[in-house]
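There are 2 protein chains.
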Amino acid sequence: MKLPGIGEKTAIRLAFFVLDLPEEDVQQFANALLDVKSKLRQCEICGNITEQNPCRICADETRDQTKIMVVEESKDVMAFEEINGYHGLYHVLGGVLSPMDGVGPEELNLKSLITRLQKQDQVTEVILALNSTPEGESTAMYLKKLIKPAGIKVSRLATGLAVGSDIEYASSLTLKRAVEGRTEL
Amino acid sequence: MKLPGIGEKTAIRLAFFVLDLPEEDVQQFANALLDVKSKLRQCEICGNITEQNPCRICADETRDQTKIMVVEESKDVMAFEEINGYHGLYHVLGGVLSPMDGVGPEELNLKSLITRLQKQDQVTEVILALNSTPEGESTAMYLKKLIKPAGIKVSRLATGLAVGSDIEYASSLTLKRAVEGRTEL
Numbered sequence: 029m030k031l032p033g034i035g036e037k038t039a040i041r042l043a044f045f046v047l048d049l050p051e052e053d054v055q056q057f058a059n060a061l062l063d064v065k066s067k068l069r070q071c072e073i074c075g076n077i078t079e080q081n082p083c084r085i086c087a088d089e090t091r092d093q094t095k096i097m098v099v100e101e102s103k104d105v106m107a108f109e110e111i112n113g114y115h116g117l118y119h120v121l122g123g124v125l126s127p128m129d130g131v132g133p134e135e136l137n138l139k140s141l142i143t144r145l146q147k148q149d150q151v152t153e154v155i156l157a158l159n160s161t162p163e164g165e166s167t168a169m170y171l172k173k174l175i176k177p178a179g180i181k182v183s184r185l186a187t188g189l190a191v192g193s194d195i196e197y198a199s200s201l202t203l204k205r206a207v208e209g210r211t212e213l
Numbered sequence: 029m030k031l032p033g034i035g036e037k038t039a040i041r042l043a044f045f046v047l048d049l050p051e052e053d054v055q056q057f058a059n060a061l062l063d064v065k066s067k068l069r070q071c072e073i074c075g076n077i078t079e080q081n082p083c084r085i086c087a088d089e090t091r092d093q094t095k096i097m098v099v100e101e102s103k104d105v106m107a108f109e110e111i112n113g114y115h116g117l118y119h120v121l122g123g124v125l126s127p128m129d130g131v132g133p134e135e136l137n138l139k140s141l142i143t144r145l146q147k148q149d150q151v152t153e154v155i156l157a158l159n160s161t162p163e164g165e166s167t168a169m170y171l172k173k174l175i176k177p178a179g180i181k182v183s184r185l186a187t188g189l190a191v192g193s194d195i196e197y198a199s200s201l202t203l204k205r206a207v208e209g210r211t212e213l
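The listed protein sequences derive, respectively, from chains A and C.
Positions in the first sequence are counted from 1; adding 28 to them yields the numbering used here.
Positions in the second sequence are counted from 1; adding 28 to them yields the numbering used here.
Derived from the structure by calculation, the hints contain no laboratory data.
Be aware that a few hints might be false.
To be verified - What the simulated footprint calls covered on chain C by chain A, stretch by stretch (three residues with Cβ under 8 angstroms from a Cβ of chain A suffice, anywhere in the stretch; the number is not a length):
| id | segment |
| --- | --- |
| 1 | 102–115 |
| 2 | 150–157 |
| 3 | 177–191 |
| 4 | 199–208 |
Stated by the list, open to error - Each pair of labels, with its calculated beta carbon distance range:
| id | chain 1 | residue 1 | chain 2 | residue 2 | range |
| --- | --- | --- | --- | --- | --- |
| 5 | C | E212 | A | I142 | 16 to 24 angstroms |
| 6 | A | L213 | C | L201 | 12 to 20 angstroms |
| 7 | C | G130 | A | P177 | 14 to 22 angstroms |
| 8 | C | H115 | A | E196 | 17 to 25 angstroms |
| 9 | A | E208 | C | K30 | 37 to 45 angstroms |
All C-beta atoms in this analysis are idealised placements derived from N, C-alpha and C, irrespective of residue type, glycine included.
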């Protein structure tokens, strides 16, 4: 078994650390690992990883039910929850379209998004928060074609300068998009 | 004398390289250095570094005379010329307001911007392309207050995700701005 970012030396260090732990702690650790697999599942509505089903966000009626933000992975939900500025719902695709890697619409959590939009007719805007990679861009275009005809507004995150960043270190393409997407003050 | 990014070892390597050069090449190199100081000056209109006065961009009547992009430094002009997507004019401030460092409006190329806006009455938009640092932000607010009352549109570069970047690596504040500044597809 290989854990990401842990090479042979660290693995040996961790193994000796576990050897020195009291029996009880090791038991707890093992149980925690098993719990991850047994208790965590995908929310049946949004596809986010959750202990309860539907997840805490889908179940929360105080959230803005008119907006669904489409993200690639569960960890993106965590990132957007941290900004403390988005109060709508989410939908986790589980990846992006990538014909080269054999990922088509069937491999993604897409059908459930369409069903969801048909059921939850209070949704007025779908926000595409996909990575700004070629695959993310083409997935965004695909989703736009799928959703817009239903009369739902489709938007995407702004492309531009990062907060705190210097123009000097931005790529030409980012600068171009930042000029095109400029906002009035 | 210290050149940026050149430490003792590199300096010694460069010195020996110069020793090995033919007399003629060294003469040329020395002249080039002197030329930088003697021939380059600030454009009297936009403040950009230039050999001719006014500079090539200010003198070019085919450029869009309705837009002025305000940047901090001459190297920012180079960055925006490389995107091949902006055809308006520039104004180089020579820095940003920074009371902590004793840089007030008088220290910047600001008065000439105001004079310029009064003279060139075809200008309809001033684009603030300042770094997204605290000093850049407060300079942007200062300029907005100065220029907007004259009935000229003031805009700023989009803040958001860099092209090709992952949501995972963006700061919370950048994500927040990217959500706020989202654009319809």
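Hints breached by this structure: 7
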